[in-house]
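A.B. asks: If you read the protein sequences in the order shown, they are chains H and G. Mapped onto the numbering used here, the consecutive letters of the first sequence carry residue numbers 9 to 224. Mapped onto the numbering used here, the consecutive letters of the second sequence carry residue numbers 2 to 278.
No wet-lab data here; the hints were simulated from the structure. Just so it is clear, the structure is predicted and the values come from calculations on it, not from any experiment. Any given hint could turn out to be false.
As the list claims (entries may be wrong) - Using 25 Å as the maximum straight-line C-alpha spacing, the simulated SDA-like pairs for lysine to any residue come out as follows:
#	chain 1	residue 1	chain 2	residue 2
1	G	K139	H	G134
2	H	K124	G	K122
3	H	K166	H	F101
4	G	K200	G	G156
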Amino acid sequence: MIQFFDLWVQYAPLMLAGLATTAWICALAAMLGVVAGLALACLDSVAFAPLRWAVRAYIEIMRGLPILIFLFVLYYGGPSVGLRLNAETVGVFGLGFYAAAYFAEIFRSGFQSIPKGQIEAARMAGLSGPQIIRHVKLPQMLVLITPPMINQIIILVKESAVLSIITVAELTKNTTQFVNETYAVIQPYVAAAVLYWLLVEAVAQLGKFVERRVRF
Amino acid sequence: MATQPTIRIRDLTKEFGTFSALSGISLDINPSEVVCIIGPSGSGKSTLLRCTSFLEEYTSGEVEIEGRLLGYRRTASGLVRESEQNIDAVRRNVGMVFQHFNLWPHMTVLGNVTLGLRLTKHVPRAKAQEQGRRALAKVGLENFSDRYPSQLSGGQQQRVGIARALAMEPHVILFDEPTSALDPQLVGEVLDTMKQLAKEGITMVVVTHEMGFAAQVADRVVFMDGGKIIEQGPPAKLFNDPQSPRLQEFLDTWKSRNMLFQADGRSPGTAEEGARP
Ligand SMILES: Nc1ncnc2c1ncn2[C@@H]1O[C@H](COP(=O)(O)OP(=O)(O)O)[C@@H](O)[C@H]1O
Ligand SMILES: [Mg+2]
Numbered sequence: 009m010i011q012f013f014d015l016w017v018q019y020a021p022l023m024l025a026g027l028a029t030t031a032w033i034c035a036l037a038a039m040l041g042v043v044a045g046l047a048l049a050c051l052d053s054v055a056f057a058p059l060r061w062a063v064r065a066y067i068e069i070m071r072g073l074p075i076l077i078f079l080f081v082l083y084y085g086g087p088s089v090g091l092r093l094n095a096e097t098v099g100v101f102g103l104g105f106y107a108a109a110y111f112a113e114i115f116r117s118g119f120q121s122i123p124k125g126q127i128e129a130a131r132m133a134g135l136s137g138p139q140i141i142r143h144v145k146l147p148q149m150l151v152l153i154t155p156p157m158i159n160q161i162i163i164l165v166k167e168s169a170v171l172s173i174i175t176v177a178e179l180t181k182n183t184t185q186f187v188n189e190t191y192a193v194i195q196p197y198v199a200a201a202v203l204y205w206l207l208v209e210a211v212a213q214l215g216k217f218v219e220r221r222v223r224f
Numbered sequence: 002m003a004t005q006p007t008i009r010i011r012d013l014t015k016e017f018g019t020f021s022a023l024s025g026i027s028l029d030i031n032p033s034e035v036v037c038i039i040g041p042s043g044s045g046k047s048t049l050l051r052c053t054s055f056l057e058e059y060t061s062g063e064v065e066i067e068g069r070l071l072g073y074r075r076t077a078s079g080l081v082r083e084s085e086q087n088i089d090a091v092r093r094n095v096g097m098v099f100q101h102f103n104l105w106p107h108m109t110v111l112g113n114v115t116l117g118l119r120l121t122k123h124v125p126r127a128k129a130q131e132q133g134r135r136a137l138a139k140v141g142l143e144n145f146s147d148r149y150p151s152q153l154s155g156g157q158q159q160r161v162g163i164a165r166a167l168a169m170e171p172h173v174i175l176f177d178e179p180t181s182a183l184d185p186q187l188v189g190e191v192l193d194t195m196k197q198l199a200k201e202g203i204t205m206v207v208v209t210h211e212m213g214f215a216a217q218v219a220d221r222v223v224f225m226d227g228g229k230i231i232e233q234g235p236p237a238k239l240f241n242d243p244q245s246p247r248l249q250e251f252l253d254t255w256k257s258r259n260m261l262f263q264a265d266g267r268s269p270g271t272a273e274e275g276a277r278p
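Same shape as in the complex, but just chain H (with noise of 0.2 Å):
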């Protein structure tokens, strides 16, 4: 029974230092996928119809495609177009580019919550696109978004765990070589159980506060 813990005192540098960077992948990746999702979303709206287009292929291409694919496009086409990423930089990016096309459509959906007619009476006040983004739209439609939007980060943390398969050292890749040490199973898995539910409670903690920060 004492062994028991002791493969867990023994391997949690390992499995903290595995949290940590399936935290901070996670984390850049959702604030780059917020950032392109809502850049999506705004290119989405305007007059220019083939840069329309190039937005909605782009949502659908991501949407349609396996995460571990276009991990494994960017991971080993990558060099040979000269594009040669260490495998943490693949995984911000591709989580990321991947969540995009998500985010982006959460966003759209924001959006499209705003009647017509504020939108009207800011053009009228003169407001220009984007202020009427920054100062109409998405004022009201945080409220809205931020449940979809922290359900979509767990999703992405949770799916993070693909990353093990590009060799990034995180949670589960950690998991797997305290699995192969020690040929335990139980301990391991829990362990990577109990860390990933830590990390998405922590994520839909913040998602409450924010929901309380940006009503109105």
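With chain H fixed as given, assemble chain G with the ligands onto it according to the hints.
C.D. replies: Below, chain G with the ligands alone, put in the same frame as chain H:
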């Protein structure tokens, strides 16, 4: 120099697909004039205001605001769509009040009234708030600046809508049925506010079904039907001596409905009594 009209509309047409919502509208609005536009529902009144503010692109013809073409640029090969920035510049002096108020619900009353000042006229916050409070005082809402729109009655919300337009110090304000969404007992306060503005010499174009208001306040009444201006003139003339059968019919319908309302205890005033004070 002869005074140029504030708004000059020539041969304006607007088509939605194959449907003609406006066909060949020509109309001048002169400085300090109050023009009321009446007509049956679907006659193109809103579309006319929306083309005059370029919330809707017009199909052909011209709209000029104080001598500047709105929405398009004249080139050798005809009219070319103008950039958003230049459209904003031309309609800078045009204000609009909407049927459904269209206030921004996430901002206080003062926030609604000062947003345009701060963002597009780059008035510093303190000065914008001072101007905003002055505009609110004009509509009798100086004590409501920290409320949110949802905490106000419909009539108060529409007065905020008017203050929001006023704060920008426009040279003309377009009103699209400003009282149609209000409960009958709230109509009066909004009309009183508008009367006050008319007295101050603000140029106004008002689409309305309030014949009493039109009769009392308008310098000119324009009757539209089927996307055309059928008849226009001073209210006394238009209401008491309509020339076209369609206007006659429109006024008759209005009068019979009005009698029903009066039986209901509501007294909006009749065209005749307002026309000759
Ligand atoms: N966006 C639109 N698309 C198609 N038809 C429209 C649109 N807006 C208005 N119309 C049509 O144009 C006509 C005039 O409408 P409108 O200007 O709103 O009339 P009014 O304000 O006098 O009631 C109506 O028949 C209406 O159905
Ligand atoms: Mg209308």
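A.B. asks: All hints are to be evaluated individually against the structure, with a verdict given for each.
C.D. replies: These are the hints, each one checked on the structure:
no., hint, result
1, G:K139 x H:G134, "22 Å, holds"
2, H:K124 x G:K122, "23 Å, holds"
3, H:K166 x H:F101, "16 Å, holds"
4, G:K200 x G:G156, "20 Å, holds"
When held up to the earlier numbered hints, the structure conflicts with none and fits them all.
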